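J.: Okay, here's what each chain looks like letter by letter:
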Amino acid sequence: MTDTITQGDGHRWHDMGGAAAGEIPLADHDFALWEKRVDALMILCSAKGHFTVDGLRRVLEDMPPSSFEELSYYERWIASVSQNLVEAGVLTTFEIGERMSAIRERGPTYGDAADG
Amino acid sequence: MGSRVRVHNDMPPGHIRTPAYLRGKCGVIERTLGPFPNPEQLAYRHSGAPLALHRVRFTMAEVWGAAAETPTDTIEAEIYAHWLEPADAA
Amino acid sequence: MPHDHHDHLSPSGHPFRADDDHPLSYWQTMEISVRELLIEKGVTTAAEIAHQIDAMDNRTPANGAAVVARVWTDPDFHAAMQHDASAATSEMGFNIGPMKLIAVENTADLHNIVVCTLCSCYPRNLLGLPPDWYKSRAYRSRTVREPRRVLAEFGVTLPSTTQIRVHDSTADMRYIVIPARPDGTDGWSKDDLAHLVTRDSMVGTGLPKSPDAPDTLA
Numbered sequence: 265m266t267d268t269i270t271q272g273d274g275h276r277w278h279d280m281g282g283a284a285a286g287e288i289p290l291a292d293h294d295f296a297l298w299e300k301r302v303d304a305l306m307i308l309c310s311a312k313g314h315f316t317v318d319g320l321r322r323v324l325e326d327m328p329p330s331s332f333e334e335l336s337y338y339e340r341w342i343a344s345v346s347q348n349l350v351e352a353g354v355l356t357t358f359e360i361g362e363r364m365s366a367i368r369e370r371g372p373t374y375g376d377a378a379d380g
Numbered sequence: 630m631g632s633r634v635r636v637h638n639d640m641p642p643g644h645i646r647t648p649a650y651l652r653g654k655c656g657v658i659e660r661t662l663g664p665f666p667n668p669e670q671l672a673y674r675h676s677g678a679p680l681a682l683h684r685v686r687f688t689m690a691e692v693w694g695a696a697a698e699t700p701t702d703t704i705e706a707e708i709y710a711h712w713l714e715p716a717d718a719a
Numbered sequence: 113m114p115h116d117h118h119d120h121l122s123p124s125g126h127p128f129r130a131d132d133d134h135p136l137s138y139w140q141t142m143e144i145s146v147r148e149l150l151i152e153k154g155v156t157t158a159a160e161i162a163h164q165i166d167a168m169d170n171r172t173p174a175n176g177a178a179v180v181a182r183v184w185t186d187p188d189f190h191a192a193m194q195h196d197a198s199a200a201t202s203e204m205g206f207n208i209g210p211m212k213l214i215a216v217e218n219t220a221d222l223h224n225i226v227v228c229t230l231c232s233c234y235p236r237n238l239l240g241l242p243p244d245w246y247k248s249r250a251y252r253s254r255t256v257r258e259p260r261r262v263l264a265e266f267g268v269t270l271p272s273t274t275q276i277r278v279h280d281s282t283a284d285m286r287y288i289v290i291p292a293r294p295d296g297t298d299g300w301s302k303d304d305l306a307h308l309v310t311r312d313s314m315v316g317t318g319l320p321k322s323p324d325a326p327d328t329l330a
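Chains as they are written, first to last, in this note's numbering: chain A, 265 to 380; chain B, 630 to 719; chain C, 113 to 330.
These aren't lab readings, by the way, just hints derived from the structure by calculation. As the structure is a computational prediction, the values presented were derived from the model and not from experiment. Even for Gly, the Cβ is constructed at its ideal location relative to N, Cα and C. Errors might be hidden in some of the hints.
Restricting the straight-line Cα-Cα distance to at most 25 Å, the calculated cross-link-like pairs of lysine to any residue (SDA-like) are [unchecked claim]: (1) K153(C) with E359(A); (2) K212(C) with S310(A); (3) K312(A) with I151(C); (4) K654(B) with A681(B).
Chain A residues, not near chain C, derived (Cβ > 12 Å throughout) [claimed, not checked]: (5) G272; (6) D273; (7) G274; (8) P328.
Same shape as in the complex, but just chain A (with noise of 0.2 Å):
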């Protein structure tokens, strides 16, 4: 947790509250079939008893601050429902990863490869 500590006296990079910051991008998008999903499955695990809405947060908190502008929202909260899952005991990376290789092989887009 301390790997993500950018400033000196501990304040963390996700607490932005009063930070400098440029204009607000008002462009909105729509959320992509994929992305719903990634939403659905943390309300459901978490509704669950799997992991708490806390427990995705804190590892949201502790990827490092280029996560930010590096990963959209729901690339990090898939991250974050994962890691959360393999502390459960729900899931271990090991299958994770198996799985995801053998996703690939299904196709080069999400609709080969969903659903499969």
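We have chain A already, so just place chains B and C on it with the hints.
T.: Same frame as chain A, but now just chains B and C:
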């Protein structure tokens, strides 16, 4: 409106729901809620003994000092009881 | 596998982003992996996931607008919302789950605006999923420090005699702003009033539409 409180000025590691910009600042309790389990413990898969949660009102002047955009505008935030101590009378 | 009926238009009328045309990403692969494994292990089912997506799709700002219109027209409901907004909205069929709802009311003297500086807490059951700007670094950073400059970027300017109150959603509360009822709407039906209530007016970054121009984009 309730009593005047000060937010602790600690900088612990880990999952904390007291924003850094409010630490060390004084405000007034707007209402008390809860108890709720402590997110600082829930985040690490521990059960968090329930705590009172206080909505605290701060003036912009208190939080930002001379840099406040409008000193009399206000901020309200929910602060868990263990982060608050009574403030001396103004 | 049941036919997935989400493939056409999203609730906003725009097509879903064309994931099918883009190369599968590492994170999309992870989503598929996690979802399939959870189904195989009996943690959830494809139907349950689809149902949750449908439920979320059906949560739109129209929910919040209906609540606002009822606050404006029903004094008993208004009082109930001030006393316990979770219970009051629950009776309308909007279940906030474990969170607690607080309704903050705008007046001529007070304008409320909501932010989550620490993450992206948002009253999803009343407003749907939060927009990208609500989750942006700029909104999360600046709103507690310079709300009037932030409002100006949304096209809202308030007199200096109106206090701005920023609510930082740090814990278990979720907030809905009850905008001030526009002048010139006496006798309007709840449905017509609800049409004036924009998503942004319930977050505090906008004002309700004027009765003179209810069809303008807000």
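J.: Hint by hint, note whether the structure agrees.
T.: Outcome of the hint check:
1. Under the criterion of a C-alpha separation no larger than 25 Å, the hint pairing K153(C) with E359(A) is consistent with the structure, at around 12 Å.
2. Proximity of K212(C) to S310(A) is assessed by CA-CA distance (about 17 Å); at most 25 Å being required, the pair is judged to hold.
3. This hinted pair checks out: K312(A) and I151(C) have alpha carbons roughly 14 Å apart, not beyond 25 Å.
4. At most 25 Å may separate the alpha-carbon atoms for a hinted pair to count; K654(B) and A681(B) meet this at roughly 19 Å.
5. Every CB of chain C lies more than 12 Å from the CB of G272(A), the least distance being 20 Å, so the non-interface label holds.
6. Every C-beta of chain C lies more than 12 Å from that of D273(A), the closest at about 17 Å, which supports listing it as non-interface.
7. G274(A), annotated as away from the interface, keeps every beta carbon of chain C farther than 12 Å; the closest lies near 15 Å.
8. Every Cβ of chain C is farther than 12 Å from the Cβ of P328(A); the closest lies at roughly 15 Å, confirming the non-interface assignment.
Checked against the numbered hints above, the structure violates none of them.
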